[in-house]
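Please model the complete structure; the sequences and the hints are all you need to start from.
Numbering (UniProt numbering), first residue to last: 1 to 74.
Each hint should be verified, as a subset may be incorrect.
What the hints assert, rightly or not - If you anchor each label on the Cβ, the simulated ranges turn out as follows:
id, residue 1, residue 2, range
1, D40, D68, 15 to 23 Å
2, P47, P72, 24 to 32 Å
3, P72, L45, 24 to 32 Å
4, P43, E71, 24 to 32 Å
5, R30, G57, 16 to 24 Å
Quick caveat, the hints were computed from the structure, so don't treat them as lab data. C-beta: ideal position from N, C-alpha, C; glycine also.
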Amino acid sequence: MSFAHHDRNPGPARAGGFPNGLRVRAHSGRFTGGTGVVVDRAPDLRPGSVWVEFSPGHPRLVPGYRLDVDEPDD
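See below:
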């Protein structure tokens, strides 16, 4: 049995949310370090969460406060 880790610092907020097609990186939670693409905001099962595909064809619902924009390496 495991318990969710609650962090007092929920991470950065993103004004306007995360648009479809945006590459993101999870900075906390179950998918820490994973990168993926935002695919949708519906169904809105949890306000502020988005559907992210960390692997093609397998979207996962992730709270927006656990995500940052993934900047490509130059």
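Return the numbers of the hints above that this structure violates; sort them in rising order.
none
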